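*Asks:* Residue numbers (my numbering), protein chains in the order written: chain A, 1 to 363; chain B, 1001 to 1326; chain C, 2001 to 2304.
For the record, the hints were derived by calculation from the structure and aren't laboratory data. Be careful, since some hints might not be right.
[To be verified] The calculated lysine to aspartate or glutamate pairs, modelled on EDC-like cross-linking and capped at a C-alpha distance of 20 Å, are: (1) B:Lys1044 with C:Asp2149; (2) B:Lys1044 with B:Glu1076; (3) B:Lys1044 with C:Glu2135; (4) A:Lys130 with A:Glu116; (5) B:Lys1109 with B:Glu1218; (6) A:Lys182 with A:Glu119; (7) B:Lys1109 with B:Glu1221; (8) A:Lys167 with A:Asp193; (9) A:Lys182 with A:Glu116; (10) A:Lys182 with A:Asp28; (11) A:Lys73 with C:Glu2196; (12) A:Lys130 with C:Glu2196; (13) A:Lys73 with C:Asp2199; (14) A:Lys321 with A:Glu243; (15) A:Lys73 with C:Glu2202; (16) A:Lys321 with A:Asp305; (17) A:Lys73 with A:Glu53; (18) A:Lys182 with A:Asp76.
[Unchecked claim] Okay, the calculated beta carbon distance ranges per label pair: (19) C:Asp2250 with B:Glu1218: 58 to 68 Å; (20) C:Leu2191 with B:Ala1085: 35 to 45 Å; (21) C:Leu2191 with A:Gly311: 38 to 48 Å; (22) B:Leu1024 with A:Lys130: 31 to 41 Å; (23) A:Gly39 with C:Leu2213: 26 to 36 Å; (24) B:Tyr1047 with C:Val2287: 45 to 55 Å; (25) B:Leu1110 with A:Gly311: 49 to 59 Å.
This structure is a prediction, so every number in the text was calculated from the model and none was measured. Every residue, glycine too, gets a C-beta built ideally from N, C-alpha and C.
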Amino acid sequence: MARVFFQDVTKRFGRVFAVRELTLEVHDQEFFVLLGPSGCGKTTALRIAAGLEEPTDGDIYIGDRLVNYVAAKDRDLAMVFQNYALYPHMSVHDNVAFGLRMRQYSRSEIDRLVREVAETLGIGDLLNRKPGQLSGGQRQRVALGRAMVRRPQAFLMDEPLSNLDAKMRVQMRTELVRLHRKLGATFIYVTHDQVEAMTMGQRIAVLNDGTLQQVGPPQEVYDRPANRFVAEFIGSPAMNFLEGGVVRENDRDGIRTPEGFLALPDAVSAEIRQQGVRSFVVGIRPEHLTPVAEQAAAAFEGTADLVESLGSEQHVTVALKETAIVVRLPSSPRIERGATLRLAVAPEHLHLFDAETQLRVGP
Amino acid sequence: MTVADQYAGRRSWAWPLGRFLTALPFLLPSMALFGAFVFYPLGKSVYLGFFISNPFRTRQIYVGFDQYKDVLASSEFASSLLVTATFTLYTVAPAIVIGTALAVLANQKLPGIVIFRTIFSSTIAASVAISAVFWLVLLHPSIGVLNEAVEGVGFSRVNWLRDGGWAVGDRATVFDMVAAWFIDPNWALISVSLATVWMNIGLFTIIVLAGLQTIPEELYEAARVDGAGRWAQFWHVTLPMLSPTLFFASVVGMIFAFQSFGQIDILTQGGPVDASNVLLYSIYQTGFEQPFRVGAAAVQSLALFVIMLVLTLFQFRLLAGRVFYR
Amino acid sequence: MTAAQQSSRIAGVAQRWLRRLPAYAVLTFCAALLLFPLYVTAVYSLHPLTEFLNEGVPSLWPSNPQWSNYFKSGSGVSNTPIGRFLFNSVVVAVVITAAQLVTATLSAYAFAFLRFPGRNVLFVLFLATMMVPLEVAIIPNFQTIQWLDHHFRTQAWLSWTQITWIDGYPGLVAPFLATGFGTFLLRQAFLSIPGELRDAAEMDGYGHWRFLLFVVVPLARGALATLAIFAFLQAWNQYLWPLLVTNDPDMRTVQIGIAAEASDVSRINIAFAGTITAFLPMLLLVVVFQRYLVRGLFGGSVKG
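Based on the sequences and whatever the hints tell you, model everything.
*Replies:* As structure tokens, then:
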């Protein structure tokens, strides 16, 4: 069993809280992603799990064992570092074998294990090279190999793909997922890249300012962000936000924003009224805004200010009365700059946040 | 799980004391040596300054700050400072000018230039004793060839090592010496300076060559585009870009000058009279020659310390700039 | 290629060299001037003694080279061969260099990789030692060595060690075994080693000592070489300290030995031969390790 459990873990550097009362359970054999902007505490959390950093407060369990006072080497974890942490003066073979040499393996056994791992990762013919002679992707594999060779219960990965070029990153993403399936070990993966988190994680935890914002499967986090921060952080282009209050207009409950009226389903409005929230922030994902014909009811009307064509789709910044919103549209018909757009949004696609607490209130 | 189990694996650096104990074996050798040979001597020097000891060091007489006052106010100390300052001027400026010139010459792109670079920087291999002997050969009263050259170009022979110029004779005060500074050359000090300059040329050539490497080639290209010739390039690109390096070199040179001892001991023994008696040599003579005025020598060395401290702090600022802005 | 083309090519090459000629002339002139003291001493070292007793300046050409001058070094004062001086200097310089490498590596490691209370204060103290040149501390240091010498001679529990401080290697090297400069230089180099490597090694179960030995030292070879050449040069060039702590000619370092010999006019040519003998190995060393020297001068900030 290699679940990793953070219980009320706090890490303070002087007066700065890097991690604040983090409680989090990573299941056995799970691919778990810690996601957040730089400086959010995700790396610190990972280092605490690794034993490289001591928590100021709280407990860490691996399996059912309290490991607060267990040295890093005795936690049966392996770590893959952002810059690979390969020893530049050692060959690939020695880099991979380095961890085994401390563990009383015989020379032939070390050799066999290194070779086995190297074959799995397709670096078998690089064993005599030095890290300096390898490409970024190859170095990445060596770093993985070094972690794998010890057959740890859990892998801790700190932004391992951030130094690769875009194409290599995509390739390594699928390889990591495959590797995870094959090894059947727990993966804790730290990244600031939401695409990596969405594509690889079985569950993701979003952190900000050292505080846990939300934990859940990627799609759930995307569909029902727990607060405005998560809503804004996940999704590209980012979610549009408008402020407004609940009103009843033309016999329909809805939210009046400076830009237009957004109708709400009765169930939602009833729930909101019950919660007694007065002012809201409404979030709308760019892909949920759809252009409508002139006769139809539209929430917003504005002119296309900036059109970014990505080939498969286009991102249109529409200038409204006071603000601008981004709309994600299919690449045809092509929108010209200056064109007038009337946009509608389905009520179920609205995300409502309390303007004060920033927490999700509905739907 | 018992509490004992929990704490069994606690790592030592969890405790500040534990972390200090981890670091101690790494630091102890240096700390012990610095304590014994750097910090203790500093304190001991201050202490020694309070005492006058008799020649046989059988008795020490406490005199408080009197010795500090006497030594620092003495005309010997003032003349020693003047000699040291002059020596610094004589050694640093020429060595830097020559070193810069040689470095610029050796920075040309020519086949075989490496040979010249090596030759120009080779004098760094000469120790004080070796360069002093080399110059003894040139300046010696009977076998020295430099006087032949001097005569050859129409000047009269110079009594290199034995003519103290402004520093000797009936000039009783430092002011008299300063007055004679320009008109009566102190050849003994110049001799010592010649050996020192020669020795330091290699060092300064190396420093300036390294400085030249850091000047981006584009600057010269831009200057050429603007129509600058070789001299204009030197004055408007090389020299300004080199100024931090030259500054650094001059501070290094000054520190070297204050530490000079061997060449003086070999060439002039501080003489004639005190014409080449720089501060460090004076410390040696005061403390280690009859009548072994250890306390007075300690006071002088503290004065030297203060001077060098100021210079080194200055050098640190420069060095810090180099290290951190890069 | 036609004959005309070929001759114009040759003319081009010739022209290029012709244009370079003034530059080479200036370079050669400067080199000759700089090497003149070395040349004269080298020539004098080959003269028979009679050349110096004649009226006037000895010849600037070795018309009657006495190579034997180089093999009978040993002055009238001491009858100690130059080889003995060289040997003493090598022992002193090697011991100082090795010790500085060890002490500076250890302390630099602590300052670069360890977190402990008082680290900044200690580091400032280490840097402060660079501001106290050993010349300033010679009087108390000499007294310390005298004191040690006295006790090692008179106290039974120490005298069995047979350690002599005055006129002995321990006294010659003792004040120079630790180095603030070296600590600073190596710390800079160690700081450029990514902290990730330390983390990775810690995960693999390598403690500080093993990490230092297997990772840090191999990675900082350049900086260690820089420190080594500096330490060696400085130790080799020591003059004042060896002068103070040695009286026995057998324990003199080469600098003091040369100085003593040069003062003996009756064997001056042999003294010059000794000077040249002492100079050449250092020349070789400096030429070979020049790039490390440059790096050290700039506190490790120039990539050599």
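*Asks:* Hints first: check each against the structure and report whether it holds.
*Replies:* Hint check results:
no.: 1; hint: B:Lys1044 with C:Asp2149; result: 19 Å, holds
no.: 2; hint: B:Lys1044 with B:Glu1076; result: 24 Å, violated
no.: 3; hint: B:Lys1044 with C:Glu2135; result: 14 Å, holds
no.: 4; hint: A:Lys130 with A:Glu116; result: 19 Å, holds
no.: 5; hint: B:Lys1109 with B:Glu1218; result: 16 Å, holds
no.: 6; hint: A:Lys182 with A:Glu119; result: 14 Å, holds
no.: 7; hint: B:Lys1109 with B:Glu1221; result: 15 Å, holds
no.: 8; hint: A:Lys167 with A:Asp193; result: 15 Å, holds
no.: 9; hint: A:Lys182 with A:Glu116; result: 14 Å, holds
no.: 10; hint: A:Lys182 with A:Asp28; result: 14 Å, holds
no.: 11; hint: A:Lys73 with C:Glu2196; result: 15 Å, holds
no.: 12; hint: A:Lys130 with C:Glu2196; result: 18 Å, holds
no.: 13; hint: A:Lys73 with C:Asp2199; result: 10 Å, holds
no.: 14; hint: A:Lys321 with A:Glu243; result: 13 Å, holds
no.: 15; hint: A:Lys73 with C:Glu2202; result: 7 Å, holds
no.: 16; hint: A:Lys321 with A:Asp305; result: 12 Å, holds
no.: 17; hint: A:Lys73 with A:Glu53; result: 13 Å, holds
no.: 18; hint: A:Lys182 with A:Asp76; result: 18 Å, holds
no.: 19; hint: C:Asp2250 with B:Glu1218: 58 to 68 Å; result: 60 Å, holds
no.: 20; hint: C:Leu2191 with B:Ala1085: 35 to 45 Å; result: 39 Å, holds
no.: 21; hint: C:Leu2191 with A:Gly311: 38 to 48 Å; result: 46 Å, holds
no.: 22; hint: B:Leu1024 with A:Lys130: 31 to 41 Å; result: 35 Å, holds
no.: 23; hint: A:Gly39 with C:Leu2213: 26 to 36 Å; result: 35 Å, holds
no.: 24; hint: B:Tyr1047 with C:Val2287: 45 to 55 Å; result: 46 Å, holds
no.: 25; hint: B:Leu1110 with A:Gly311: 49 to 59 Å; result: 56 Å, holds
Going through the hint list in order, the structure does not satisfy hint 2, though it satisfies all others.
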